[in-house]
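Which chain is which? The protein sequence lines are L, F and P, in order. Number 198 in numbering that gives the first Met the number 0 belongs to position 199 of the first sequence; there are no gaps in the numbering. Number 59 in numbering that gives the first Met the number 0 belongs to position 60 of the second sequence; there are no gaps in the numbering. Number 56 in numbering that gives the first Met the number 0 belongs to position 57 of the third sequence; there are no gaps in the numbering.
Calculated from the structure, these hints are not laboratory results. Virtual Cβ for every residue (Gly too), placed ideally from N, Cα, C. Treat the hints with caution; some may be incorrect.
[To be verified] Per label pair, the in silico range of CB-to-CB distance: (1) F/46 to P/193: 57 to 65 Å; (2) P/160 to L/124: 49 to 57 Å; (3) F/56 to P/69: 18 to 26 Å.
[Stated by the list, open to error] Below, computed lysine-lysine pairings styled on BS3-like, alpha-carbon distance capped at 30 Å: (4) L/97 to F/175; (5) P/226 to F/175; (6) L/37 to P/226.
[Said to hold, decoys possible] Here are some of the chain L residues that sit facing chain P, going by a computed Cβ distance under 7 Å: (7) 30; (8) 87; (9) 91; (10) 98; (11) 101; (12) 104; (13) 108; (14) 181; (15) 185.
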Amino acid sequence: MSTPSAGQRFIRGILPENPVYRQMLGLCATLAVTNNLKSAVTMGAAVLFVLVCANLMVSLIRHLLTPHLRIVIFTLTIATFVTVADRLLAAFLYPMSKALGPYIPLIIVNCIIICRCEVCAAKQGPLTAVADALGQSIGFTLALVSLAAVREILGTGMWFGFRVLPAAWPDWVIMVLPPGAFLTFGLLLGLTNWISAQRAGKEEA
Amino acid sequence: MPPAVATIDTASPNRSWRDNALLQGWLVLLLAIVFGALLAGVQTALGPAIADNKRNETLSRVPQLIPPPDTAATSAQLEVDTRMLPVSSGGRTAVYRIHRASRDDELAGWVVQVAGQGYADRIEVLLGLSPAADVITGLFVLDQKETPGLGAKIAEAPWRGQFAGKPAALPLEVIKGGGASGNQIDAITGATISSRAVTDIVNRTLADVRDQLATDAGKAAP
Amino acid sequence: MTYLIDILLIALGAALINNFIFYYFVGICPFIGVSRRVEMAFGMGCAVTFVMTIAAAISWTMTRFVLMPGAPLTQWIAGWWLDPQTAAGVDLSILSYIVYIFAIAASVQFVEMYLRRFFPLLYRSFGVFLPLITTNCAILFACLTIMSRLVGVDDPAARWDLGQALVLAIFGGLGFTLAIVIMAGIREELEACDVPTPFRGAPIALIVGGILAMAFMGFTGVDNGLKTALTPPAVVAQAPPTEPPSGAPTP
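Using the sequences and the accompanying hints, generate a full structural model.
Here it is as structure tokens:
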């Protein structure tokens with residue numbers, strides 16, 4: 000496999016190598032914050048910020064890294080940028096910061112970020128690393144939004160807090176509760192597998 | 000599945016100087032200093048804004064929980080003064096965060112911030128009391144994680160509005176089936192436990208702080 | 000007595016009612032990835048519980064004495080060259096996340112070395128999972144929960160002590176173990192089932208997880224009822240007469 004260019008990496012992160020649906024990374028956040036679209040989008044933005052900063056930073060110092068201390072440096076970088084993201088949210092979007100609670104600091108242990116630092120940023124130049132970070136985090140955000148869109152509209156009849164379905168819609172409360180997250184994600188994951196299997200079948204035929 | 004952790008090419012020609020422990024130590028130290036400075040900057044720049052956000056979250060609710068002035072002529076702004084009130088009763092001590100609201104140096108009411116266990120998780124409420132701490136003037140739910148559509152109704156105006164005007168001297172009782180009067184509170188249909196949890200928090204708070212606040216109000220009066 | 004009830008409720012809450020996996024969704028990656036065989040799941044659960052307890056102890060100590068606003072150690076050190084009032088305002092909580100993640104990494108290293116040296120048998124059974132644990136959300140989540148019960152709590156008596164923090168970690172870990180062992184048991188059976196192709200693997204595991212989460216929702220409110228049942232009537236009577244009669248809550 001030849002080394003993909005910056006543009007290819009960007010595109011790849013969004014669908015073909017979607018971090019949630021394809022790589023099954025960062026599931027804590029995926030399930031926990033998707034009971035409404037607002038949280039999902041905020042979470043996506045926070046991950047975007049952290050991933051871009053961390054990837055850029057790691058890419059800039061990539062020539063100095065050695066196996067022993069590589070992970071330590073990644074962790075330090077990620078933890079710092081997560082703290083910055085956490086404080087930015089608390090300062091400018093306080094209600095969201097309160098609603099997301101511990102899930103913002105939990106970005107530190109979100110496998111997507113350390114995985115991208117390791118796989119891409121530690122070997123590529125800053126431009127590629129940033130493109131990769133953007134692609135992956137947009138892919139992550141899209142996955143969150145897809146899940147949140149289903150859960151919020153079925154659970155409350157609303158999107159972004161605005162009523163979409165008529166008020167007569169009997170809210171499926173279970174969708175915004177924890178079990179709804181598991182069920183919706185399981186079904187959506189099955190659906191994506193089915194669609195890609197169909198596509199692969201067509202290409203072969 | 001997560002991709003396997005990539006192996007770093009150990010055959011890299013620069014390995015000898017890159018592997019130097021001293022250099023690596025310096026790199027970590029340098030990064031720590033840079034990040035430390037970054038965080039210090041963030042804290043200095045955003046710290047006050049965050050503290051304001053936390054304070055305003057509560058303070059912005061205080062005017063709704065304090066009854067409007069008797070005379071429409073009074074246009075004085077509410078001034079809120081927050082302090083901690085330690086209370087010990089029955090062998091336990093609790094500390095309450097009390098907001099003292101006043102207009103033109105005259106006591107307009109109290110708002111007590113208190114948390115307790117709900118059906119699903121902690122419930123945090125603001126309880127408004129009249130200056131003499133004898134009447135409840137309002138209730139606001141700051142934070143709750145009760146079941147959406149059922150217990151979460153404790154945060155909605157129709158239910159929490161019931162508390163306004165209730166006497167503070169008698170313990171409140173939760174009744175089912177509607178028609179609450181006097182010191183009774185209607186339970187939310189299908190969420191009796193959540194209703195009772197809030198009422199219990201209110202009762203406990205009243206029992207703890209009422210006398211203390213009434214005394215303070217007497218002292219403050221000229 | 001009140002303290003014991005409190006401990007019991009924290010334990011029950013962490014293990015069952017607010018189960019780390021089924022309520023907070025932390026530690027999902029091993030839940031989906033590792034939970035294919037019961038023994039492996041059990042080993043993973045033990046390793047997580049072990050590390051979580053040590054990390055909780057470290058992060059409680061660090062938060063209580065160094066990181067939280069007004070922490071004694073920080074104040075004392077800052078007092079060397081700052082006047083007392085400025086020193087009292089020193090707030091290092093911005094460093095919390097960095098400290099926690101390194102506390103976790105250190106505990107993982109420590110547990111690994113200790114086990115390898117003194118309990119080689121135990122090491123062989125779950126040592127392989129140890130390096131994975133650093134990035135397990137459940138452990139950082141336990142640290143963050145402990146932090147939320149220390150920082151920003153008005154009432155000094157309501158702040159968690161080390162005992163409460165450890166109970167949260169141990170029982171949170173046990174709840175985690177329980178969840179992944181149940182899951183592994185079901186998945187072993189699932190292998191014999193005819194699952195539609197697109198749903199094989201993770202999707203069906205998630206759907207089973209959803210059903211288990213529904214089952215665990217049944218525990219909600221148990222703590223409330225238990226507290227009412229356990230609180231000795233004497234305490235209620237001691238309180239001023241405004242206390243309501245504490246009837247058993249109806250579910």
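Hint by hint, here is what the structure shows:
1. In this structure, residue 46 of chain F and residue 193 of chain P meet the distance hint of 57 to 65 Å, their C-beta atoms being roughly 59 Å apart.
2. At roughly 51 Å, the beta carbons of residue 160 of chain P and residue 124 of chain L sit within the given window of 49 to 57 Å.
3. Evaluation of the 18 to 26 Å hint for residue 56 of chain F and residue 69 of chain P yields a pass: the beta carbon distance comes to about 21 Å.
4. Restraint check for residue 97 of chain L and residue 175 of chain F: the C-alpha separation of about 33 Å exceeds 30 Å, so the hint is violated.
5. Our distance criterion of 30 Å between C-alpha atoms is met by residue 226 of chain P and residue 175 of chain F, whose separation comes to about 22 Å.
6. Our distance criterion of 30 Å between C-alpha atoms is broken by residue 37 of chain L and residue 226 of chain P, whose separation comes to about 36 Å.
7. Checking residue 30 of chain L against chain P: minimum C-beta separation of about 4 Å stays under 7 Å; hint holds.
8. Interface restraint check for residue 87 of chain L: the shortest CB-CB distance to chain P comes to about 12 Å, outside 7 Å, so the restraint is violated.
9. A hinted interface residue such as residue 91 of chain L counts as satisfied when its beta carbon comes closer than 7 Å to some beta carbon of chain P; here the least separation is about 16 Å, so the hint is violated.
10. The interface hint given for residue 98 of chain L is violated, since its Cβ lies 14 Å from the closest Cβ of chain P, which is over the 7 Å cut-off.
11. Given hint, residue 101 of chain L at the interface with chain P, holds; its Cβ is 4 Å from that chain's nearest Cβ, closer than 7 Å.
12. A distance limit of 7 Å between C-beta atoms decides the matter here; for residue 104 of chain L the minimum to chain P is near 5 Å, and the interface restraint holds.
13. Nearest Cβ of chain P to the Cβ of residue 108 of chain L: about 5 Å, under the 7 Å cut. The hint holds.
14. For residue 181 of chain L, the interface hint holds, since its Cβ comes within 7 Å of a Cβ in chain P; the closest pair sits about 3 Å apart.
15. Of the supplied interface hints, the one on residue 185 of chain L holds, with its beta-carbon coming within about 3 Å of a beta-carbon of chain P, less than 7 Å.
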